[in-house]
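**Student:** Assemble the whole structure, with the sequences as input and the hints as a guide.
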Amino acid sequence: MDFALDDDQQLIVETVRRFSDRDLRGWAGDADRAGAPPDRFTHAASELGFFLDAVPADAGPDTSGMLEGDYSHTMRALRGYELGRGCAALAALLECNVEPALAVGKWGSAAAKQALFAALAAGGLATFVHDSRGNVIVTAEGNDVRLSGKLGPAPALATASHVLLAANGVLALVSTEGMRRTAITPSGWRAARWATAQLEAHRVPAEFILSRDPAATAEVLAWARTSLAARAVGVSVAAMEYAEKYAAERIQFGQPIGRFESLIRLRDDAMTTAAAARLLALHAAWQLDNKQPAAFDTASRARVIAGDCVTRATIDAVQIFGGYGFVNDYPVEKLMRDARAFEALHGDERLGRVLAQKVA
Amino acid sequence: MDLFHNNPLFSGVKQMLNAFARQQIRPIAIKHDQEESMPWGLMKSAGALGLSQTAVVDGRKKLTGVEEDPDPKKPKQQARLAVTGSEELAWGCAGICLAIGGSGLAASPISRMGTEEQKAEFKRLLTGEDEQGHVFVAAMALSEPGTGSDISGLKTVATKDGNHYVIRGSKQWITNGRSANVYVVWAQTDASAGRAGVRGFIVARGTPGLVPGRKETKLGIRASETAQVHFEDVRVHQDMMLGGSGETTGGLADTKKMLDSTRPVVAAQAIGIARAAYEILLERVQGGSLHGTPMAAHQHIMFELAEMNMEITASRMLAHRAAWLADHHLENVAEASMAKAHAARTAQWVTSRAMVLLGEEALEPGHMVEKLYRDAKIYDIFEGTGQIQRRIIAKTLTGTNPT
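Those protein sequence lines, which keep their order, are chains Y and R. Heads up: the first sequence begins at 1 in the numbering used here, then just goes up one per residue. Heads up: the second sequence begins at 1 in the numbering used here, then just goes up one per residue.
Hint data in this document are derived by calculation from the structure and do not stem from the laboratory. Worth double-checking, as some hints may not be accurate.
Pairs of lysine-lysine, DSS-like flavour, derived with a Cα cap of 27 Å [to be verified]: (1) K31(R) <-> K74(R); (2) K76(R) <-> K123(R); (3) K215(R) <-> K245(Y); (4) K245(Y) <-> K155(R); (5) K76(R) <-> K119(R); (6) K106(Y) <-> K291(Y); (7) K14(R) <-> K74(R); (8) K31(R) <-> K150(Y); (9) K257(R) <-> K395(R).
Quick caveat, the model's predicted, so the values are computed rather than measured.
**Tutor:** What follows is the structure, given as structure tokens:
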């Protein structure tokens, strides 16, 4: 066992951390208020290789930032944690292409690869949607399928050219062309270009159906859960970094409030859970990279604990800030709003676990 | 304890205010949350129900049809009525509940320690409406940028000058801080006297030097206005100082006592938030299915609803006990703190869990449970944080304040 980062990992972590501390944190407040990322965001992130990092290098002429060799979920989890420390909404946009690109790379037909990779290379976005409640009806039409029902809310769906959809055991790449989408701005991840979509017998041609094997959906969910867990831990830690700084400066009853044992406990409990959740997310990522079937379960467990962690840590960070925590001038109320999507996206994680074990 | 029986007075108030909340508050709750606007129209119509801005000063006869027994030794009903009613209003929308009742924060010290002249002046300043047709509201100005939980270090000073006091300082997190027609501002009159030197003053809007500041953008209770207020050498006649000059009572100690009586009411509001989220989840579960099975057939969901019901009920018992003690003139310091701390915790837990159980739909803008989640948090912060409540409870156990 080796917990140390190799030189490449160390370099990427440091680079992303700088980007996150300086740029993402700097943009987070305004992006939240505006409900959109800043103009510079896409360019700055592209320079660092985001958006195309899961697109195979042989997919297009300009291979800069594109994937050579195997994708590293470990690297993605390490980076996701740093991005979560910066801004959950912007992090969601930086990560949303990964599941569609990896899934199409792994199971896609030549037509699916061509469609998605060309769109992404041209600066487009894609997003993964899991129909966790069975809202989407999938009907066969020859080798094609037609989809009806509601998608989302999902981040990046408002601008995405393609959706990687997991519904009713089918994993498909769905073009958003002709899809009736409604852009929305929820309370959390406000800058993440959310939308819902209403599908009415939306046709997916056979060559865009990636898999009918439930194991494929389970694998994509494991990628997504691992990344969500890592980012959720980043948000948790950011909340407590802000709270620690504030508690050291805020004097009440003759001392910095950070010296009161009850507030030390709030912070320490959050950091303890965050440390455990981060290791579990990294473990899931390592299992994914090493093709271990246990990865699916570990990823799910990581999201359970990371979800608990981000909920508790952000609520408690607002508590430490007191009245200042409740107002928009300070960063933590945003984090409390941002926490919700980590537990809600792709469905209630505990419910999924319970139902899976009940059947077994 | 009569609260467990079907007391017709309390159940009548509950029914009336539940109908008001259901028909008039809930339908506009999301709009005022999204717009961050005060529900001025509703605040006016609430007056017709006896929920007027001066209800605390006038007594609650209009609301209940019952005259309180003037004998101070006889049990009262006021605290229990307030707890019963507040749960219903906050069930509709906590922000709107606070907008309707916000003036009560300022009215309370006037009612407790005001002279007849001061009460009349306060009432006069709350009677009528402004040129926009907005009813007049009051603001209690106590907290300061550096003075939240610890109110002993107030920086706002009131300096004697002939028959007047000159008030200087800034206040923060003031409910109705921008819109109020009358302020009850707390200032240090005698630094050497410490807390005993802190007094309340009635200051009318428009008094030179009184400058309403910036309105805050908040996580929740967005229908209630919170703003800074600046006092730049505001001259106030000494007759407008609460507690009268030269006396040692009427100061901050009385204000702290006042918080003991408001905490069960604040607890009841948090209970209203939790109950609202619980009921929306329950309704959704009763009609909903999960991959072809009724949601209500799942222990995963139903046991959590049972747990929510348990905690909400326990919170309500604590709040009603604290109110019952107050109505019977019995000490309720620890009980009031227990009620508030428990209700705040319950509201945060129920709303966040309800969001998880509802899944992605609760992320949609304008979802009531998402709003309730944001509204719940302030109940663990204002009127004494959760830490302050535990400190109060802990002190009753050993007599000392743990740090």
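**Student:** Report the numbers of all earlier hints that the structure fails to satisfy, in ascending order.
**Tutor:** 1
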